[in-house]
Amino acid sequence: MENENAINKTSAVEAAAAEHTRCGQCYRPHVDILEQADELLVLADVPGASGDRIDVKFEDGTLTIHAQVEPRQKPDHEFLLQEYGVGDYWRTFRVSEAIDAGQITAGYADGVLTLRLPKAEAAKPRKIGVKTT
Amino acid sequence: MVFRYRNMRQPIYHLRDDLDRMLTGVFGPWAEGVLPGTGRGQPALNMWEQGDAVLVELEVPGLKADHFEISVVGNQLTLTVDRPELKQEGVTYHRRERPVGSFTRVLRLPVEVDANRVEAELRDGVLTITLPKAESAKPRKIAVTTA
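Residue numbers (our numbering), protein chains in the order written: chain H, 10 to 142; chain B, 4 to 150.
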C-alpha cells in the first residue's frame, strides 16, 4: 500500500505535465482492477469514447489509458441541469506484477474498456509438489 | 466535474439538492448489496432543451437495455438503473471504484412531455432520453385583433 502511494506521486507529477499537452479537460475514469491466477483484469468506465480512439500503452511497468471522447454538445451549450462534464479520459497505473507485455489484450464494449494483462511465466503461482521420502 | 446553475435558481438550492442526494444514500433505504459510503449514490445526469424536446443524458457504462426502467407521467421522469455486480470467484481486488447496485431517480421536468413519443437510445455507455414536449406546453403565437 505504501509503495502504491509513493508511486502514485510520481505518476501524478507526470500526469500534470502530460495532461496539459494531451487534452483540454481530462477526467479520471473509475477503474476496477482484479487479480486472477494468471492475469490482471482492468475494467475502466469510459462511456462515450469511440473504440478506435482509445490508446492503451504499457511501458516499463506503467500502464496508460487515454480514451478520446467526441464532445456531444457545443462548448457553450446551455444546460438545464448539468451534473457531469464530457471529456477525454486519462489514467496511469504502475503495475508491479511481471506482465507479459506482448500478450496484453484490450476490448471495448458499451462504454467499458477491458484490459487483460497476462502475468509473465515467472509470476504465475505454481503449485510445488512435496515429495515424501 | 462541472456544475452549472440556471440563472433563475439560487446556487444554494443546488447545494441542498446535492446534499439530499448524498445523504439519502447514507441514511435512507439503500439497494441490495450497496453499503452506505460505497457506490456513487444516484447516476449523474445532464438535461437540456433542444428545439421541441427535453433531452436527458446519463453515463451508464457496462449496461444493456434491460438494466433500465424508464417511465414518464406528465412532467415526471422516473429512472431506475441497475448495475449488476461482477461475480468473480477467487480474485483479489486491487481497485474497486466502479459503482454497483440499483438506483432510482425521479426527475421533475420543466415542461409537460408527451409520454407516447419518448425515446431512449443507448450507445457506448451513454443513455440519451428524448422527451418531446406535450402540445399543451408548446408556445402558441396569439394574434392580436384590432376591433
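Derived from the structure by calculation, the hints contain no laboratory data. It is possible that part of the hints are untrue.
Stated by the list, open to error - Covered by chain H, per the in silico footprint, the following chain B stretches (three or more residues, Cβ under 8 Å):
hint: 1; segment: 46–56
hint: 2; segment: 61–72
hint: 3; segment: 76–82
hint: 4; segment: 100–109
hint: 5; segment: 136–143
To be verified - Covered by chain B, per the in silico footprint, the following chain H stretches (three or more residues, Cβ under 8 Å):
hint: 6; segment: 76–86
hint: 7; segment: 89–98
hint: 8; segment: 107–114
Virtual Cβ for every residue (Gly too), placed ideally from N, Cα, C.
Do the hints match the structure? See the list:
With 6 residues having a beta carbon nearer than 8 Å to a beta carbon of chain H, the segment 46–56 of chain B meets the requirement of three or more and the stated coverage holds. Taking a C-beta to C-beta cut-off of 8 Å, the segment 61–72 of chain B contributes 6 residues in contact with chain H, enough for the three needed, and the coverage statement holds. Under the rule that three or more residues need a Cβ within less than 8 Å of chain H, the assignment of the segment 76–82 of chain B is violated, with 0 such residues. For the segment 100–109 of chain B, the stated coverage by chain H is satisfied: 3 residues place a CB nearer than 8 Å to a CB of that chain, which reaches the threshold of 3.
Counting residues of the segment 136–143 of chain B whose CB lies closer than 8 Å to any CB of chain H gives 0, so the stated coverage by that chain is violated, three being the minimum. Interface restraint, the segment 76–86 of chain H with chain B: holds (3 residues with C-beta to C-beta distance below 8 Å; minimum three). Proximity of the segment 89–98 of chain H to chain B, defined as three or more residues with a beta carbon under 8 Å from a beta carbon of that chain, is established by the 6 residues found. Only residues whose beta carbon comes within less than 8 Å of a beta carbon in chain B count, and the segment 107–114 of chain H has 0; fewer than three means the coverage is violated.
This entry does not satisfy hints 3, 5 and 8, going by the numbered hints stated previously.
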